[in-house]
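**Q** Sequence:
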Amino acid sequence: MLDQSHQPEPLPKARVSRRTLLAATAVASAVVTAGATPAVAGTTQPRPDRDARLKRLIARMSLEQKVGQLFVHWFSGNDAHNPAPNHAADNLARTGYRTPAEIVKAYHLGGVIYFGWSSNVTNPRQLGGLSNDLQKAALSQPNSVPLVVSIDQEHGGIVTRVGLPATQLPGAMALGASGSRSDARTAAYIAGTELAAIGINENYAPVADVNVNPANPVIGVRSFGSDPKAAARLVAAQVDGYQSARVAACAKHFPGHGDTGTDSHTDLPVITHTREEWERLDAPPFRAAIKAGIDSIMTAHLQVAALDPSNDPATLSKPIITGILREELGFDGVIVTDALNMTGVRTKYGDDRIPVLALKAGVDQLLFPFNLPVAWNAVVKAVRDGELTEARIEESVLRILRLKEKHGLLKDPLVSLSRLDRVVGNRRHRAVADRISDETTTLLVNKGGALPLSKRRQKNVLVVGMNPTSPTGTDRPATTVVSDTLSGLGFTPTALGFPRDVPLTPAAIDSAVAAASGRDAIVVLTQNVGATSPQRTLVSRLVATGVPVVHLAVGNPYDIAQLSGVAASVASYGWTEVEVRSAARAIAGKVDPEGKLPVPVLRADNPAQALYPVGHGLSYDD
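Residue numbers for the sequence shown, in this note's numbering: 594 to 1215.
Hints are computed from structural coordinates only; laboratory data are not their basis. Among the hints, a few may not be true.
Each computed BS3-like pair below joins lysine-lysine, with the alpha-carbon atoms no more than 27 Å apart [unchecked claim]:
1) Lys911 with Lys648
2) Lys822 with Lys1189
3) Lys974 with Lys648
4) Lys953 with Lys884
5) Lys941 with Lys953
6) Lys941 with Lys911
7) Lys884 with Lys911
8) Lys953 with Lys974
Quick list of simulated restraints, FRET-style, between CB atoms [claimed, not checked]:
9) Arg1028 with Glu983: 29 to 37 Å
10) Asp1185 with Ser1133: 27 to 35 Å
11) Lys911 with His858: 18 to 26 Å
Please read all numbers here as calculations on a predicted model, not as lab measurements. Where is the CB? At the ideal position from N, CA and C, for every residue including glycine.
Can you build the whole structure from these sequences, using the hints too?
**A** If you want it as structure tokens, here you go:
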């Protein structure tokens, strides 16, 4: 039953000015202006002077306000006050309130999260206005504090929420192929600078999982690679980059999601690592993130018997969250759960118990519960019934306020839309993104010097294959990007793409083979080829035409193990325009492929052996 005892105050009809807003938040602002130390990236240690001021702010809050600070939730629509009717109906059904602003006020939310699928994201300027309006809603009640506005902007082909015209950057595994700490830091700094301009002050990145399982269905190219030490270096570099841009970084998913064949969105994964294996394989990137001063760490919904024999999901495990992350690793920043609507955390307990057990385990922020009214009221009830103490709630609120103070939110959470226009997707950012991406493309196979393609001998090129769905809806199809790039470099290409989310039919394969007739070369794009995938048939039929075939893997780099007969094979590790454009430039010889495999490609017929080891990567000088 939805608790209707905490109705939101009527929202002001007039637009609130920056001056009025700052005057209304004098209590919170005074916390940071009276002798507070400026925010510095990497400084997460408690400071007695600051904490005393923050505790005075907490003392003014009601229990409901304190509980609200622990929740980071989503909503439907792209307007804080006037969502479309279908979005308003969705919000009402899920929370009891129609508008995002009302939801923020009613539950005293400490944070919100933006998604593309919930229609939050139209373009960067719209997001900046939405962020400002939600901050005003959060601050419209006495003793309230600004929101943490969060997002999953990992970059690469899988998890990106803000699309063009924002700068698109290579994903984690592509950066792992480069191996450059400087480039990883710069990529995070550019991403963070643009997010901050949009009013987003926490990014759920970098991914600290070490992808040691090629069959991992949920991590893959979201990871920097399979080498814990290499991943640790790049995680630390990105922490520094994001937080130097005044955006809180969040390493995920603790204690490590890299060695599982199960997706925690749909089931509860089991990690069979021993404690020694966990220390060696999973822990190093998280240790590096903590050493780098990371602001927050996200939990994983998975079982690790070696760390907690009760087999509770790590998110709900006190031995893992408090015993290992807090006490052994010494992390005193904000611990946020992975989304609490995921099946991995909902297999053992009800939605009223999950948030309470997570808090008892030691987490601070409760992300995206399946049912916000149930979860919020369950925490309030647990305090009133004595299962949770108010002091325990205040510990987490203090950590959350430290994060907000560090990134300037308690002083002024609003963003300038004119500055947003100058910063987001500017020419310099895009040029640097292209330069970084050019250093990630990996050449795996190059029989007889098949690459680079020659404009004289191989001018007429068929670009064919899979077009994975753009996560933001703003990227052009990958085959189109490759074709256009080759065209700009003097080739005469033709693009024939197939949607990745539609089964590849025999008729589609026949059309590709027919289109190959008379061509000088074929570039075929694949994504995550399996043993029974029709993509194998597509490639083998194209090879059988006798036209030289260049293979481009736009997802995991493992595809080449399932293919045979290609003249060359290239890995881009993603299908965003910036990654695919770089791969096309490498295929054409405009740039030299410099990337090295950050994961091994195992043999399809004998997975105990590596077809191509970590570090493999050819160049045109070889």
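**Q** So, against the hints stated earlier in the document, which numbers end up violated here?
**A** 9
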